[in-house]
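*Asks:* Using the numbering used here, the letters of the sequence shown map in sequence onto residues 4 to 678.
Worth flagging that the hints you see were computed from the coordinates, not collected in a lab.
Where is the CB? At the ideal position from N, CA and C, for every residue including glycine.
Fair warning: there could be bad hints in the mix.
Stated by the list, open to error - Now the in silico label distances, taken between C-beta atoms and shown as ranges:
#, residue 1, residue 2, range
1, E205, R300, 39 to 45 Å
2, M4, T615, 48 to 54 Å
3, Q497, A367, 43 to 49 Å
4, G207, M4, 37 to 43 Å
5, E281, D370, 57 to 63 Å
6, Q497, G568, 33 to 39 Å
7, A128, P9, 22 to 28 Å
8, G223, V561, 38 to 44 Å
9, R336, R400, 45 to 51 Å
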Amino acid sequence: MSLLTPLFLLGLAGLALPILIHLTQRERRQVVKFPSLMFVRRIPYQSVRRRSIRNWLLLMVRLAALALVVFAFARPFFTGGDLGASVTGAREVVILLDRSYSMGYADRWDRAAAAAREVIDDLEAADRATIVLFASSAEIALRSTAERDRLLGALDVAAPGGGATRYAPALKVAAGVLGESSLPRREVVLISDFQRGGWRGEEGARLPAGATLTPVRIDGGDGPNLTATSVSLSRSTFSDQERVAVTASFVNRGTEPVPPRAVTLEVDGRVIGTAQVEADEAGAPSVTFDPFTVTGRTMRGTVRLADDALAADNVFHFVITPSEPVRVALVQRAAGPGADPYLAQALAIGDEPRFETTVRTPEALSDQDLARASVVLLVDAPVSTALARRLEAFVARGGGLMLATGPRSSWPDDVDLLPGVLAEPVDRTSGVAARVGAIEFAHPLFEPFRAPRSGDFTAARFYGYRSITAAPEADVLARFDAGSPALLERRAGQGRVLLWASTLDMSWSDLPLRPVYLPFVHRAMLHLSSYREPATWRTVGDVLDSTSAGDRVEAGLVALTPSGGRLSLDEEGAAVFELTEQGFYEIRVPQAPDAETQVTAANVDPAEADLTAMEPQELIAAALAVPSAEADAAASAELSPETREGSQRLWWFLLLAGVILLGIDTLVSNRLSRA
Numbered sequence: 004m005s006l007l008t009p010l011f012l013l014g015l016a017g018l019a020l021p022i023l024i025h026l027t028q029r030e031r032r033q034v035v036k037f038p039s040l041m042f043v044r045r046i047p048y049q050s051v052r053r054r055s056i057r058n059w060l061l062l063m064v065r066l067a068a069l070a071l072v073v074f075a076f077a078r079p080f081f082t083g084g085d086l087g088a089s090v091t092g093a094r095e096v097v098i099l100l101d102r103s104y105s106m107g108y109a110d111r112w113d114r115a116a117a118a119a120r121e122v123i124d125d126l127e128a129a130d131r132a133t134i135v136l137f138a139s140s141a142e143i144a145l146r147s148t149a150e151r152d153r154l155l156g157a158l159d160v161a162a163p164g165g166g167a168t169r170y171a172p173a174l175k176v177a178a179g180v181l182g183e184s185s186l187p188r189r190e191v192v193l194i195s196d197f198q199r200g201g202w203r204g205e206e207g208a209r210l211p212a213g214a215t216l217t218p219v220r221i222d223g224g225d226g227p228n229l230t231a232t233s234v235s236l237s238r239s240t241f242s243d244q245e246r247v248a249v250t251a252s253f254v255n256r257g258t259e260p261v262p263p264r265a266v267t268l269e270v271d272g273r274v275i276g277t278a279q280v281e282a283d284e285a286g287a288p289s290v291t292f293d294p295f296t297v298t299g300r301t302m303r304g305t306v307r308l309a310d311d312a313l314a315a316d317n318v319f320h321f322v323i324t325p326s327e328p329v330r331v332a333l334v335q336r337a338a339g340p341g342a343d344p345y346l347a348q349a350l351a352i353g354d355e356p357r358f359e360t361t362v363r364t365p366e367a368l369s370d371q372d373l374a375r376a377s378v379v380l381l382v383d384a385p386v387s388t389a390l391a392r393r394l395e396a397f398v399a400r401g402g403g404l405m406l407a408t409g410p411r412s413s414w415p416d417d418v419d420l421l422p423g424v425l426a427e428p429v430d431r432t433s434g435v436a437a438r439v440g441a442i443e444f445a446h447p448l449f450e451p452f453r454a455p456r457s458g459d460f461t462a463a464r465f466y467g468y469r470s471i472t473a474a475p476e477a478d479v480l481a482r483f484d485a486g487s488p489a490l491l492e493r494r495a496g497q498g499r500v501l502l503w504a505s506t507l508d509m510s511w512s513d514l515p516l517r518p519v520y521l522p523f524v525h526r527a528m529l530h531l532s533s534y535r536e537p538a539t540w541r542t543v544g545d546v547l548d549s550t551s552a553g554d555r556v557e558a559g560l561v562a563l564t565p566s567g568g569r570l571s572l573d574e575e576g577a578a579v580f581e582l583t584e585q586g587f588y589e590i591r592v593p594q595a596p597d598a599e600t601q602v603t604a605a606n607v608d609p610a611e612a613d614l615t616a617m618e619p620q621e622l623i624a625a626a627l628a629v630p631s632a633e634a635d636a637a638a639s640a641e642l643s644p645e646t647r648e649g650s651q652r653l654w655w656f657l658l659l660a661g662v663i664l665l666g667i668d669t670l671v672s673n674r675l676s677r678a
């Protein structure tokens, strides 16, 4: 034991006062009457025997009372490692309850909720508790309270969600709650199935020094579990109508084979297909349903498995929308029988997406054609100043322009739009033909050709090309073997311009005969049109950018969640939100009921269905690890006398005991004085 203010021990000298009081001679209070004594002198009667202490009990009470008061002012405290903590039992308890969808397996959630109730029931009167529900993110359901009814009420309304397990966000929230607490004991209780995929060794997920982490593992009930992992759509055209065939993929996450189970395909709430699926141990079967016709609106599809122990991964939602073609205006010298057949045929082959091609001559290209087109493909044709100005405005609005040069290509000098300046043609008909050398495979246009055996551009032979001087702001995406640019790109306004130094027909090269010709033309058109394949589905935990719905954020855009909730997306300019539920989200404008509704399907992360568990000690060791600098600071804080004395508050108990003894002294002394 130590003292915070030991100088107050000098007050122990005051213990001599009760002794002096007890040794003081007092006159008798009983008076014997005599005749007149006015002529007799009063002489004190002294007796050594009467100076001895007669009331030892009263003296001890007074000495003890004064000693306790002096020790109280000296502020004593215990220096033992754990003794100080045991003196005060007040705890700050944070209950981390895993609500990822894997906790819905069999009776895991019921057992987890029961474990949380036990923690609440064990709380003392001075303890406080916080309930944190977590999956991929963490949410405080109820912050730091001693009211058990409120804690149990927050627990009763909790339920598993659609998110995947992530332990780091929950531990960071717990660390924040404990860091704000003034209670001396800080504890975290983690209730989870401890999935291996939920912990990635995050460095920042640490609890404050002195905190404890108690794991409550909820497991068991392993068995067959077939998970719907994805769907793919195969589009076709029949009688001028678009049709879609849905293929659903599954994975057996269990350790036993899955017997045949029913699987259904629902479109807009109506069952249009049924099948049977079975899987071997760790198998990955798939089912393809009969094709159906796509209507001219957004359709909601659901693949549904018969229920098993984990129902959340038996459902897979997706959205089907009519495919939008990429509209290309093909501008060349002749639009009739003399037109180049290769480009038109290459663009007619595309299905996902389709290319809708309009062939025009430079003179016949109208403003309506430009307004309708996403890309203008100009093939070996002279361009007038008026047409160049119109194309410049087209690109500035977000359109794409590609020039395939040839011997007749020209561009006006007073319109600065191209990524390079055209020079004289280079003739390679005699001698060795030119070939494409260096290619920027990191560019989105060439990225599909990056892998081995995905296309060889060097096999194409070029017998002529235009020499091009690249503009300072242009990017050279490909070069010929002599170093001259073969393909250049430039951004202009909201659009892009590609400049190809040779033709796309057989006049200057044999590129149309090479396997890379078709995918190269398709990739160029998709890149220039900024085409993005519409997302068929998303995963719970993704962030959805509602600006894809246009400029409707300013008009009071709202999102309807699968559970029926409403999210306002125009508060403070907010246009993004996290998908937290499984099902269909709708983005609409309430004031405009006729406006198009954007529908997004959200599915659970199939990786969460892998119930492989980790050892809780691995997580505990990382969460309780303290860097050396923090450990030294924590050790210093633990050895601080002020900290120890302030947490133990022994002076209060000593002072209370002293006051009680002084009260006893008063009662006893009054009674003895009357005796």
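*Asks:* With reference to the structure, classify each hint as holding or not holding.
*Replies:* So, going through the hints one by one against the coordinates:
| no. | hint | result |
| --- | --- | --- |
| 1 | E205 x R300: 39 to 45 Å | holds, 44 Å |
| 2 | M4 x T615: 48 to 54 Å | holds, 52 Å |
| 3 | Q497 x A367: 43 to 49 Å | violated, 26 Å |
| 4 | G207 x M4: 37 to 43 Å | holds, 40 Å |
| 5 | E281 x D370: 57 to 63 Å | holds, 60 Å |
| 6 | Q497 x G568: 33 to 39 Å | holds, 35 Å |
| 7 | A128 x P9: 22 to 28 Å | violated, 34 Å |
| 8 | G223 x V561: 38 to 44 Å | holds, 43 Å |
| 9 | R336 x R400: 45 to 51 Å | violated, 26 Å |
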